[in-house]
Amino acid sequence: MDKQKKLKLSVEEEREQRWLKMYDRLREFKEKFGHVRVSSAFEDRQLSKWVQHQRELEEKMPASRKEKLDFIGFTWHKDLQALDEQKWEERFQQLKEFKEKEGHMIVSSVDPVYRQLHLWVQKQRLMEKTMPPDRKKKLDSINFRWGKNIKTEQR
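Residues 1442 to 1596 (the numbering used here) make up the sequence shown, in order.
Read the hints as simulated data drawn from the structure, not as lab findings.
Incorrect hints may appear among the rest.
What the hints assert, rightly or not - Taking lysine-lysine pairs in the DSS-like style, the calculated list, with each CA pair at most 27 angstroms apart, reads:
{"hint": "1", "residue 1": "1501", "residue 2": "1471"}
{"hint": "2", "residue 1": "1528", "residue 2": "1577"}
{"hint": "3", "residue 1": "1564", "residue 2": "1577"}
{"hint": "4", "residue 1": "1577", "residue 2": "1542"}
{"hint": "5", "residue 1": "1473", "residue 2": "1519"}
{"hint": "6", "residue 1": "1490", "residue 2": "1528"}
{"hint": "7", "residue 1": "1564", "residue 2": "1537"}
{"hint": "8", "residue 1": "1579", "residue 2": "1542"}
{"hint": "9", "residue 1": "1564", "residue 2": "1540"}
{"hint": "10", "residue 1": "1540", "residue 2": "1528"}
{"hint": "11", "residue 1": "1537", "residue 2": "1570"}
{"hint": "12", "residue 1": "1519", "residue 2": "1462"}
{"hint": "13", "residue 1": "1519", "residue 2": "1490"}
{"hint": "14", "residue 1": "1579", "residue 2": "1537"}
{"hint": "15", "residue 1": "1501", "residue 2": "1519"}
{"hint": "16", "residue 1": "1564", "residue 2": "1519"}
{"hint": "17", "residue 1": "1507", "residue 2": "1462"}
{"hint": "18", "residue 1": "1537", "residue 2": "1577"}
{"hint": "19", "residue 1": "1509", "residue 2": "1471"}
{"hint": "20", "residue 1": "1462", "residue 2": "1509"}
{"hint": "21", "residue 1": "1528", "residue 2": "1579"}
{"hint": "22", "residue 1": "1519", "residue 2": "1471"}
{"hint": "23", "residue 1": "1570", "residue 2": "1528"}
{"hint": "24", "residue 1": "1519", "residue 2": "1577"}
{"hint": "25", "residue 1": "1537", "residue 2": "1578"}
Bear in mind that the values here come from a model prediction, so they are computed numbers and not experimental data.
Based on the provided sequences and hints, a complete structural model is requested.
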């Protein structure tokens, strides 16, 4: 085998070893947290970036790598979108139930029971101009208040 082929082979082997090392770190993450959805804010930025990169490479990566990631329950872009939609629908239903019970949609940030709903409501207000039209339509259907001075809303 000539020098050039040996060099190319060693570069490929090194690349594969780096990939396997990051894969092992992802498996450790799963053992610790019970899932493989590494946040972009996670303390291990290298792992976070690697996970994002794997999602971007889904269609181009070797089947053996994709199988390894699938085996540990890797969340691809399409999976994340489905999870996002499911979570949004759950919060929307929670807001509807809150409104039925309380007669308004002023969700307190102080009450620990409703803290996450409060944050979700605030996020919806911030995203009014950029959210998907179907979501805005759903919120409008329950007379969601978009304004900034919501505390003065009639109960």
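Here is how each hint holds up against the structure:
1. 1501 with 1471: Judged against 27 angstroms, a Cα distance of about 24 angstroms means the pair holds.
2. 1528 with 1577: 16 angstroms, holds
3. 1564 with 1577: 12 angstroms, holds
4. 1577 with 1542: Since the Cα atoms of residue 1577 and residue 1542 sit roughly 22 angstroms apart, the hinted pair holds (cutoff 27 angstroms).
5. 1473 with 1519: 24 angstroms, holds
6. 1490 with 1528: 24 angstroms, holds
7. 1564 with 1537: 16 angstroms, holds
8. 1579 with 1542: Since the Cα atoms of residue 1579 and residue 1542 sit roughly 19 angstroms apart, the hinted pair holds (cutoff 27 angstroms).
9. 1564 with 1540: 17 angstroms, holds
10. 1540 with 1528: 18 angstroms, holds
11. 1537 with 1570: 21 angstroms, holds
12. 1519 with 1462: 25 angstroms, holds
13. 1519 with 1490: Distance ~18 angstroms between residue 1519 and residue 1490 Cα, so the pair holds.
14. 1579 with 1537: 11 angstroms, holds
15. 1501 with 1519: 16 angstroms, holds
16. 1564 with 1519: This hinted pair holds, its Cα atoms lying about 22 angstroms apart.
17. 1507 with 1462: Roughly 15 angstroms separates the two Cα atoms, so the pair holds.
18. 1537 with 1577: 14 angstroms, holds
19. 1509 with 1471: 13 angstroms, holds
20. 1462 with 1509: Within the cut-off at roughly 13 angstroms; holds.
21. 1528 with 1579: Holds, because 15 angstroms separates the two Cα atoms, which is no more than 27 angstroms.
22. 1519 with 1471: Given pair residue 1519, residue 1471 holds - Cα atoms ~20 angstroms apart, limit 27 angstroms.
23. 1570 with 1528: 20 angstroms, holds
24. 1519 with 1577: 22 angstroms, holds
25. 1537 with 1578: 14 angstroms, holds
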